[in-house]
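The listed protein sequences correspond, in order, to chains A and B. 2 is the number of the first residue of the first sequence in this note's numbering; add one for each residue after it. 2 is the number of the first residue of the second sequence in this note's numbering; add one for each residue after it.
Careful: at least some of the hints might be erroneous.
Any copy will do: because identical chains look the same in the list, a pair fits if it lies in one copy or spans two.
[Said to hold, decoys possible] Derived pair list, reagent style DSSO-like, types lysine-lysine, alpha-carbon separation capped at 30 Å:
no.	residue 1	residue 2
1	LYS101	LYS124
2	LYS101	LYS7
3	LYS390	LYS7
Source of the hints: derived by calculation from the structure; they are not laboratory data. Predicted, not measured: the structure shown is a model, and the values here were computed from it.
2 protein chains.
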Amino acid sequence: MNSYEKLEARFRQVSHLEHILGVVSWDEQVIMAPGAAIHRNAATAELVGLMENLLRAPEVGDWLKESESLSLDGVWQKANLREMRRQYLRLTALPPDLSKRLVIARMNSEQEWRKLRGANDWKSFEPILKNVISLTHEAISAYQKHEGLSKYDTALALYSPGLNTLTVEKLFNQIKSFLPQMIQRVVEKQKSEKVILPEGPFPTAAQKALGLELMEAVGFSSSMGRLDEAFHPFSGGTHGDARITTRYNQEEFISSLMGVLHETGHALYDQNLPVDWLTQPVGASGGMAIHESQSLMLEMQVCRSREFMDFAGPLIRKHMLNHVKNPASIENDNLTRLVTRVRPGFIRVDADEVTYPAHVILRFEIERDILEDRWPLAELPAVWNEKMKTYLGLSTLGDDKNGCMQDVHWPSGALGYFPAYTFGAVIAAQLFAKMNESLPRVRGSISQGDFKPMQNWLRENIWSQGAQLETLDLIEQAAGPLSAEPFRKHLEARYLA
Amino acid sequence: MNSYEKLEARFRQVSHLEHILGVVSWDEQVIMAPGAAIHRNAATAELVGLMENLLRAPEVGDWLKESESLSLDGVWQKANLREMRRQYLRLTALPPDLSKRLVIARMNSEQEWRKLRGANDWKSFEPILKNVISLTHEAISAYQKHEGLSKYDTALALYSPGLNTLTVEKLFNQIKSFLPQMIQRVVEKQKSEKVILPEGPFPTAAQKALGLELMEAVGFSSSMGRLDEAFHPFSGGTHGDARITTRYNQEEFISSLMGVLHETGHALYDQNLPVDWLTQPVGASGGMAIHESQSLMLEMQVCRSREFMDFAGPLIRKHMLNHVKNPASIENDNLTRLVTRVRPGFIRVDADEVTYPAHVILRFEIERDILEDRWPLAELPAVWNEKMKTYLGLSTLGDDKNGCMQDVHWPSGALGYFPAYTFGAVIAAQLFAKMNESLPRVRGSISQGDFKPMQNWLRENIWSQGAQLETLDLIEQAAGPLSAEPFRKHLEARYLA
Chain A
2 MNSYEKLEAR
12 FRQVSHLEHI
22 LGVVSWDEQV
32 IMAPGAAIHR
42 NAATAELVGL
52 MENLLRAPEV
62 GDWLKESESL
72 SLDGVWQKAN
82 LREMRRQYLR
92 LTALPPDLSK
102 RLVIARMNSE
112 QEWRKLRGAN
122 DWKSFEPILK
132 NVISLTHEAI
142 SAYQKHEGLS
152 KYDTALALYS
162 PGLNTLTVEK
172 LFNQIKSFLP
182 QMIQRVVEKQ
192 KSEKVILPEG
202 PFPTAAQKAL
212 GLELMEAVGF
222 SSSMGRLDEA
232 FHPFSGGTHG
242 DARITTRYNQ
252 EEFISSLMGV
262 LHETGHALYD
272 QNLPVDWLTQ
282 PVGASGGMAI
292 HESQSLMLEM
302 QVCRSREFMD
312 FAGPLIRKHM
322 LNHVKNPASI
332 ENDNLTRLVT
342 RVRPGFIRVD
352 ADEVTYPAHV
362 ILRFEIERDI
372 LEDRWPLAEL
382 PAVWNEKMKT
392 YLGLSTLGDD
402 KNGCMQDVHW
412 PSGALGYFPA
422 YTFGAVIAAQ
432 LFAKMNESLP
442 RVRGSISQGD
452 FKPMQNWLRE
462 NIWSQGAQLE
472 TLDLIEQAAG
482 PLSAEPFRKH
492 LEARYLA
Chain B
2 MNSYEKLEAR
12 FRQVSHLEHI
22 LGVVSWDEQV
32 IMAPGAAIHR
42 NAATAELVGL
52 MENLLRAPEV
62 GDWLKESESL
72 SLDGVWQKAN
82 LREMRRQYLR
92 LTALPPDLSK
102 RLVIARMNSE
112 QEWRKLRGAN
122 DWKSFEPILK
132 NVISLTHEAI
142 SAYQKHEGLS
152 KYDTALALYS
162 PGLNTLTVEK
172 LFNQIKSFLP
182 QMIQRVVEKQ
192 KSEKVILPEG
202 PFPTAAQKAL
212 GLELMEAVGF
222 SSSMGRLDEA
232 FHPFSGGTHG
242 DARITTRYNQ
252 EEFISSLMGV
262 LHETGHALYD
272 QNLPVDWLTQ
282 PVGASGGMAI
292 HESQSLMLEM
302 QVCRSREFMD
312 FAGPLIRKHM
322 LNHVKNPASI
332 ENDNLTRLVT
342 RVRPGFIRVD
352 ADEVTYPAHV
362 ILRFEIERDI
372 LEDRWPLAEL
382 PAVWNEKMKT
392 YLGLSTLGDD
402 KNGCMQDVHW
412 PSGALGYFPA
422 YTFGAVIAAQ
432 LFAKMNESLP
442 RVRGSISQGD
452 FKPMQNWLRE
462 NIWSQGAQLE
472 TLDLIEQAAG
482 PLSAEPFRKH
492 LEARYLA
């Protein structure tokens, strides 16, 4: 075995442990009895420790160096080596002691956040958040030394390889140039639209059956995954077993259904990653922005469209007609209006696709400033409130629960993640526009319930590419240089035409 | 840290990985999508390999040697050291190459068995079974060198520490001296009894609700475990999370209910193991015979009794009265008769408690002969048939599916396991007799639905003891020297009084 082959063998071992980790963390959120928590935390830490030891072993560094002078076999091996080096550098950059302190601080802070958010208690939470951010700061400084980037560039690259502050600022400035006025125009336009809310109750079993039928229709393979319930819905699982979750509300079935389809977008990506490279770093997804583009492609571009409702409407009525009090509310027209309603609100996860970027831009500007130490953390509630007023016309003064304390990201030390959501929306719009250009009949096939053309296009251009290219290069290869213009046009066409 | 403390730390690491293994193997049987199987096999093998490497590392041998001269703190540490040594010797006895070949042969043989049993194809299965048995033979010879026992003694001790061939033969001869005649007498007596079969269908949801209510009534903690469905029911899970499974048949609810209560007996043991020692070998159960005694204590001694039906009858009617066609069939009298019906049959797992030992004794005599090479494997179907005729009056000629191919044990290389079932039944009867002697009102409390006295007695005498004592010593401490007499008396009293 040459050094590169030794690296592949070592990363294959690591991928096996990642498989196991995928199962136990899904289990922790969906299945685990509370009595096991203390054992599970210790066991998971042990497993992660073994995995990190396999990766940061000195021989891995030697093999990486030796591999530089090998002539590798094609683009996949070269990209694989690049991804291996990225993981190795990231892991060895952190002093193990800092890594451990960060894990403990995050767990503690997330637990405190759950309590203190409920109590709207910013004062008590501030020092806890400050500690996590300071440790995250330390970690990012350690990464930074290796990667030679600015602090926020480093944070961004942790989640979406190739993104940097300048690109984010450029894209977000484009969006800011049209979004606030667009929100106002859409809200104004929708004032005169009549939308009927479906009245239930809608039994969980019927909602689940409908979700499963639509998941499979759009391409989800049930022999390679499943749908379950979780209090905080997520998409997880492991190779050959993409597990998505949702939460049911008997009074209202649209949110959960759209949530299921969103997670299905993530799952389609995971189920169609390149089979030959699954056990290697290059066989993983292209990062969070691309992953989010796949969930938003399905949810926003496809499933909230009129074409999709022409196909899905009859299935929705098949499952819900027995339960709905007002049948007119689940006619295709009304369903389409229901899934495209725009209303500025406080909560990011409840936001529609028009107001969502405002939530993200606000968070980006704040977390960039925090990482660069531009103002003290104590000012966070005030800064949040100012930006909410500017971007969405809403005040969160004294309501930090629905303001700066609403997301788990910062309490868990995830700074640099948020831009991925709006990059995902922009990329989805750009990919879908390109797909329609290449396959003019794709919208028609969606209204017929034929999702094969869409799947084939995404498989070829995105899913099968793994982590071969970084975020912006992958988009450029599939649909040209990244631009907010297709996103703007999509919003214009859907909401203002 | 002294050497003993280093051992504790190492075994704690191993117990963390066992926790993880408990989760993923439950998942494999209950949850996993078929598409993940190939990844899961590789991942599990990786995890087991890491665990074995931690255990068989040379320093572990050194620490074990050095610990011999340490003055340990009390019986727990001493017993812990004994169990550590047992695991280390067992693991290091096998050449790693043989260990790997055995794992692969077992997996292959189990998979072939599933197909060939269905096809009643002994001829094709014989060479596959021969290969597994020959590798098992090799493994047992390797263990034997360390333990200085006969081959079958070695096999028995793998599952139930302290059992040996002589003890098994002695106990089984006692049982053979009365069982065949007893079976005939019971069958004769029951001919005149009128039993009404409940007619359904009984919905899964109602069966599950009934099962959960009775599980919790007898002491199962739902914050430390759960009930799910599996095609082959088993009891699994991990520390703080005892997971039992069952299979529902809408036509008949008694079998599944009794199965749930059987697995609950296993779970009560697991949920009540000594908290302070859970991460150490001595904190595990006392082996398979003791474990089976706890499931049979609950299922046979307690739940198939008249006293239990006086308590459970009303709950059964609460859940089933809406579904049963013939309400008289779920009156207490008829329910008691239903759970004590005796009928010789082909299948061990369907056998009642009177005929069950005949199935086990037959298997014991055969596997002992096979391990000692007393006759060629090709004769297995004929030997099986002869013994079935002798012990149960039934012929399996040409019906190997319901004869020597019915169990997964031999195809998976588990020779020496079967006696644990009947030792479990005998131990359960002896413990229950002793419990009644010490707590004369225990039967009365059961009919009142008060299971606390039973739980307290078992917790003190069995559950809290972990693996401190070997099988026969634990029984002797709790209820005197092992004897088949309480079991015989129990059968006399229940079936012939």
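Hints versus structure:
1. LYS101 to LYS124: Only inside one copy: LYS101 and LYS124 sit 26 Å apart there, 58 Å across copies, limit 30 Å.
2. LYS101 to LYS7: both (28 Å within a copy, 21 Å between copies)
3. LYS390 to LYS7: neither (56 Å within a copy, 60 Å between copies)
When each numbered hint is compared with the structure, a violation occurs for hint 3 only.
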